[in-house]
Structure formats: structure tokens, C-alpha cells
Amino acid sequence: MRPLRILFRSISSAFKSVFRNLSLSIASLTCIIITLMIVSIAIIFSSNVNYSTKEIEKDLEMVVFVKSETTEEKVKEIESNLQVLPNVEQISYVDKETAKEDMKKENDTYKKIIEGWEEGENPLDSYFIVKVKNIEDMSETAATIKNLEGVDTVNYVEDLVEKMVSTFQIIRNVLIVTVVALIFVTAFLISNTIKITIYSRRNEIDIMRLVGTSNTVIKLPFIFEGLFLGAFGSILPILVTIYSYVFLYDKLGGVLFHPLLPMMQPYNFVFKVGLILLAIGSVVGMFGSYKAVRKYLKI
Amino acid sequence: MSFIELKNVYKVYKNGITAVADVNINIKKGDFVFIIGQTACGKSSLIKLLYREERPTKGQVIVGGINVAKLKNNRVYKLRRKIGIVFQDYKLLPKLTVYENVAFVLDSYGYKESEIKPKVIDALTRVGLKEKLRSFPNELSGGEQQRVCIARAIVNKPKVLVCDEPTGNLDATTSKEIMKVIDSINKELGTTIIMATHDQDIVNRMKKRVIALKDGMLIGDWEKGSYKLDETA
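Those protein sequence lines, which keep their order, are chains V and U. Just so we're aligned, residue 1 is where the first sequence starts under this note's numbering, counting upward by one. Just so we're aligned, residue 300 is where the second sequence starts under this note's numbering, counting upward by one.
Hints are computed from structural coordinates only; laboratory data are not their basis. Model, not experiment: these values are computed from the prediction. Heads up, some of the hints might be wrong.
[As the list claims (entries may be wrong)] Straight line, CA to CA, 25 angstroms or less: simulated DSS-like cross-link-like pairs of lysine-lysine:
1) U:Lys416 x V:Lys16
2) U:Lys394 x V:Lys219
3) V:Lys195 x U:Lys394
4) U:Lys431 x U:Lys357
One chain only, chain V, in its complex shape (with noise of 0.2 angstroms):
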């Protein structure tokens, strides 16, 4: 029972201490409020970069044609030099037949081209079609695909997708870097508002030691206060990231800027971005408090 009172009353101190310095608190509220805005921002934007990196995966292939004159035992041999290469997740053959059958389909023009050829002739080209398994090394599979034997080209949206990815993966790097040092200037600050609390209280922090209160009661309500500081700091940045999430989604229809990348679902993401947000300022917090406890507390 000891322990447990202990603890309520290290809460209550440390609760009431967060009003009694509330121009410091503020301070400390603010950036911690800033710093887990552009967290958010960092997480949204890396997370659907990812979803999206992940659902054009999902469609994009390489078309891979093969020599004319090639024989079907020749097409075996490519098809297994394809099926060891690192890069690819799927291969399936499509022979020259096929192909021109698939074609006068696809629209009516093509099938009167088709239909004013002459019986068995076919100036087409078997190919297969590849996918990868990784977008940016697609440029590297390709030009090892097209040295292969009995390979004639390889066709694939080179460059748009490509070029897109990379520079959404600079910003999303940018992003997290700015993050981290932007969490580090929050751990400080919250450890400076410890400190002015620590030190306004050193009268009875130094009374309490002579008295003989254990280390742990008297570092304890420092600790909670900075876990305050950080979780109430979160809680407009998670409002702000479910409502304008869902805002955004219903605004842009669901996609950023292009059908190609799509967003992710609101529901449950924003809830797991929530906790996330409310994770790091606990933890910012106390983590911050425990520094400063640690450094001006010398006991």
C-alpha cells in the first residue's frame, strides 16, 4: 500500500506543479505541441509514400521481348536466367500467337491491322512479362535483362515513377531527420522547465533529503511532471492529425495529386498515428525530466 500512496502522491504533486509553473509549462507545452505537429506531418507523408511505393509495386512490370528467331529452347534458357535474378518476383511468358490474339482484342483498330495480315504471318514478338520486387532497382534489373541471350528489348515506365519515388524518399529523409533534432530541442526544453522546477523547489528538496525522504520520492514527481508536459502536449497535435487526415482524404478523393498513388485509409491509421504522437511525448517527457532530475538533483 506504501508504494501505491507514494505514487498518487507524486502524481497530484507533479500535476499540480505543471499550474503552478504554467508560464514555464506553456513554454514547454508549445514546443512539444510544434515539434509532434511536423512529427505527424513526417509520419503521414512517409507512410503513404510507403503505401503508395507499395501499391504501384504491386502493378509494375517490365516487358521483356525476346529475339525473333529464337527457339523454344532458347526461350526455356531465358526464362530460367530470369527466374535467378535477384530483383524479380514473377515472370510469365507470352508467345507470339498469343500475343497477336491479345491484340485484336485490346481495340478495333489493331484487330483491322491484324485481320489485313496474310494467314500464318506474324512480324510479333513473344516477351515476358516481369515484376519486380523493388521499384528502384528496376533501371539495374533491366540492363542485366537486356544483356541476356537471345533478348531484344526491355520496356518498362522508366523514368516518371522512378524519378517520383526518389524524390518523395529525400523529403520523407529530410523529414525524419528535422524529427529527431527537433525532438532532441524538446527533450532539452522540457529538462530546462525541470530545472527552474527543481531549483524554485531546492529549499524543500533539501529539506526533504535532511528529513529523510528516499531519493526516489523526491525524484518521482519531477519524472511524472515531465510524462504530464509530454502527454498533454499531444493531444492537440492528435486532434489536428485525425481531423485534418480525414479532411485531406475526402478533399483530394482518396489519392495524392495522381491516380497512381493512392492514400492510405483514414480509419485506424489516424488512431495508430494518434498513439504514436502520444507515445513519443510521454516518452520525450519523462525522458527530458529524468535528464534534468538527474543532473541538477544531486542526491
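On the provided structure of chain V, position chain U as indicated by the hints.
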């Protein structure tokens, strides 16, 4: 059996000043001991060694079976729960009432409110301040504030009461009253009292054991002694 034992204790501060030099003292349970000497003779340093506000540079300090020199920082509170400390400057918290100033000690130990109240009332009755529970320190006289400090020191019924110049800021009449309180704690509760002072009147009147220090060295240790610093032991 000694309750407090100092063996060849030295205290040298970082700036090179030797505050306590080769002091050997044994104090039995229930004793009342004055530590006398002029300003900067090492009284305060010696007192601080007892409650581990300072660590001895050399030698052994044992209080109630605890080896103070070897005590880790995070264990110091165990020692301090056995020792009540009375300060010259009272060290009360200005924003707390008399009751709260005494109660917060037990509160910080994690006692229940129902356990705290009778103990605090008992301690405040003993020092004669039962009527001023709700007053704040700045509404009290110096003597009354010192009584609050004493009540706070004895509320957990410590084995030892260490007093560092408790009458240093008080006039003669008030000092007498404070000494009456401290004496009654010694007699009624059997608390060992160690009191640093340079108040000759008090020492001469009380006829208790006197330990005299000069320049950090022990120069006298008399049973039922009086205040004399010129006589070497």
C-alpha cells in the same frame, strides 16, 4: 555499548582546510552531549558527519550500527530516519502551515493520513505549539519557529536528535525555553541528544557531558562539565 562512535575521524575540505582532526568520541544511548567551541572550531563539520551531510576524509563514523562513511548516496535516507535534525535557521517551508511543516515528513515516508495526524499532534503538543497548527511560519516568533523545527525532528521518534546551534538566533529567555523542550525530549523519550553550541550560559546551567573542540581537535571531554575552552584535556 556505544550508540554513536567516532574513531580517528578526519575531515579535510577540498580547499585544504582541516575541519576535524583525529577525533575519537563514544556516545551512549540516551546521553545528552554538548559540543562546544568557538566559531570555525569544527562543531558544525562534526555534526554534519553524523548525518552524512559530509563524509569523513579518514576514520570511522558509526551511528546506530550504520557505518556512515560507507553509506551509499541512495541509502542516506535510512540513516536520516533515525536522526532528527534541528537547525539554527529552522529550515521551515514558508508556504506550509505549522501542521503541514511537520506532517510532510511522514507524508514523504508514505504514511497514511490517519497515521500521520496523531503523530503530528503529539509532536506539536510536546513542543507546546498545539494551538498554532494553522499558523504559517512568518506568523510565528523565532522561538516558536524553532519549536516547529524540533517537532518536525522528533515526529518520527528518532533515536538521536542532532542540534546545530539551535539557540543561535534566539534571546536568552527564549533559549531557556527551547532547552527545556530539548531536555524533556531527552528525559521523556530517551532520545540521545547531541547539541553544538557556543552558548556558555546554557552549557553551564545544564550540567551535561561537554565535548570541547579547538581547531578541529578534541581538547576536552567532561561528564557534567561546563563551558571552558582554555583548559586542555
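Here is how each hint holds up against the structure:
1. U:Lys416 x V:Lys16: Distance of about 23 angstroms is within 25 angstroms: holds.
2. U:Lys394 x V:Lys219: Status holds; Cα separation ~21 angstroms.
3. V:Lys195 x U:Lys394: holds, 21 angstroms
4. U:Lys431 x U:Lys357: Between Lys431 of chain U and Lys357 of chain U the Cα gap is close to 45 angstroms, so the pair fails against 25 angstroms, i.e. violated.
Hint violations for this structure: number 4 only, all remaining hints satisfied.
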